[in-house]
Amino acid sequence: MRLLECEAKEIYARYGIPVPKGVRVKAGEKIPDLSGIGPELVVKAQVEVGGRGKAGGIVMAAPADAARVADELFRKEIRGVPVREILIEERLPIRHEHYLSILVDRSTRQPVVLFAEAGGVDIELAAKETPEAVRRVTVSPLLTDIPPFALRDLLGARVKEFGPVVNRLWKVFREKDAMLAEVNPLVTTERGVFAADAKLIVDDNALARQGIAVNRDLSPREREAESHGFSYVELDGSVGVIGNGAGLTMATLDLIQFYGGAAANFLDVGGGADQERVKHAVRLVAGRPGVKVILVNLLGGITRCDDVARGILDAGVPQTVMVRLAGTNEAEGKKILDGRGYPMYVTMDEAVKAAVEAAR
Amino acid sequence: MIYGDRRTGILVQGATGQQGSFHIQYMNAYARSVGGRGVVAGVTPGKGGQEVHGVPVYDSVRDAVAEHDIGAAVIFVPAAAAPDSIMEEAHAGIPVIVAITERIPVHDAMKAIAYARMEGATVIGPNCPGLISPGEVKMGIIPAHLASRGPVGVISRSGTLTYEVIHELTRAGIGQSTVVGIGGDPVIGQTFTDVLERFEDDPATKAAVVIGEVGGALEEEGVASTDLPVVGYIAGVSAPPEKRMGHAGAIVEGGEGDAASKIRRMEALGVPVARRVAEIPALVQELL
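For the protein sequence lines, the chains are A and B, in the order given. Start counting the first sequence at 1343; every next residue gets the next number (my numbering). Start counting the second sequence at 12; every next residue gets the next number (my numbering).
Take the hints with a grain of salt, since some may be wrong.
Here are the simulated lysine-lysine pairs, DSBU-like style, with alpha carbons at most 30 Å apart [unchecked claim]:
#1 Lys122/B x Lys1502/A
#2 Lys1621/A x Lys1541/A
#3 Lys1541/A x Lys254/B
#4 Lys1513/A x Lys254/B
#5 Lys1634/A x Lys254/B
#6 Lys122/B x Lys1541/A
It should be emphasised that the hints constitute simulated quantities derived from the structure, not laboratory data. Since the model is a prediction, treat every value here as computed from it, not as a measurement.
The shape of chain A in the complex, shown without the other chains (with noise of 0.2 Å):
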């Protein structure tokens, strides 16, 4: 889950990193007083979206403009996501912009640290036009400190001035199972090095001993579906599926699109799904608006065939059901729906093809 800008720079300065004086408002909060934060300030909205700044959602003000500005920004919507906060802080007297990361490298199976000279928002750009320009060090996950020579690696000259943030945000990463803690841009000042922006990604799979109680990145539907220990995404099409495993429900979604069809939702049923739940999925699914004909595409290892096809009867939906069952008691599943109205398929391309037909 990604954190509010507002909320990484708490974090942050909890572990010694310099972030600029601000303060946080809330829609519908009554603005304080603005006059000692500091001479210039800077009103950000707090959405969770990259390119903030380009869509107009971080503006600079006068302490006597900025509760206006305020206001203006909670009425706005950034790339298409409403303003519910806002941090309004210090504009710092700045001397350089750099970069620096550190996030999860899949490849060698640890963290890596990065950092550029040049910073700013267009640090994507910058890395894929000169990739030489983001220096990078692995660090052993094992490790509590980044030792001096990764530092010198990844620093160069600058180890002094840079050294301890870098040290810092390594704690952070390591204590809040951070995905990505990022500093961009990290600022050199004639007061020294700050933080002036923010980012934060909290490993989902960490959030309950973070002390997250709410996935903000799912939907209510979404969360609904996570409470059943489904995997849910929402899409736009009229295709309800349901599968079981991501792999092979991303599988029956991508041969939707190659039919020419287009899938309402992705929805994982999970290892052992029951009769409960696959009713629960099947209603979760039809309950959408929009959704013309459901597939169901379960392949049973773990899972049993009989026990999904009294879970499809339970539901009930009106829409029409198509399945797919193969494997684990796969005929005792067959019987159980055969002649009552729900069409059932060998292959899943075959359930595919009708499915995407039906919704025409």
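Chain A is already provided as a structure; the job is to place chain B on it using the hints.
Frame of chain A, contents of chain B only:
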């Protein structure tokens, strides 16, 4: 048979749990059918002295390896305990560790895998179905009746999609040397590159199928690293960006790891990539 064979004795961690005991039964039924050793010991702390389907249970891996010759371990314990199990087995000298457990926090997985490597152990998974070498050994939960023995190695980040593929291969009369589910998490012990290296050294494997999905670049890296003839398949062509598609690792981030670019890079390396699962057997047949 690249991670073990009929002679490999298997330890199951979490033997007295529902999943553990269920799969001990299936793994040992398979072992009996091929004349293998199968699961020889189980471990559940505090349950030492019990038996699960005739398999003796020990309090610790250390106790189990003192009594049995063990070549591999399969982990069925919950996410909070699984990283410790990986380290316990590596420390006890078990060379191959298969972690079925899903939802392990990435930082825990990174640490456990790094520790296991220092101990010289190989970790498969986590969040994986394990492996089967038809006619030799099954370590994990892949339904054995779908597999058949033959010359094709199969490597996949998914569970049921793997079953679909081996089902299709078997129906087309193409057998498998070893089928390895490497896991759906961002950080996994064995990557496509690692398994393909083993397949290259395996006289039983003549070609491989790489079943990938959105997220990361492990598929392209693997395909680029091997001289073995390979057929590819990538799930998630229709996956929207920045959405996690079931697997923790299946996400297109910052414009990276999308299916189209993966397919393009694999095809640029001369690898045929199936657009539908049903196309895989014919493409494999051309390589044999």
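Right, here's what the structure says about each hint:
1. Lys122/B x Lys1502/A: Within the cut-off at roughly 29 Å; holds.
2. Lys1621/A x Lys1541/A: Roughly 39 Å separates the two Cα atoms, so the pair is violated.
3. Lys1541/A x Lys254/B: 18 Å, holds
4. Lys1513/A x Lys254/B: 27 Å, holds
5. Lys1634/A x Lys254/B: 23 Å, holds
6. Lys122/B x Lys1541/A: At roughly 23 Å apart (the allowed maximum being 30 Å), lysine 1541/A and lysine 122/B satisfy the hint.
In summary, the one numbered hint that this structure violates is 2.
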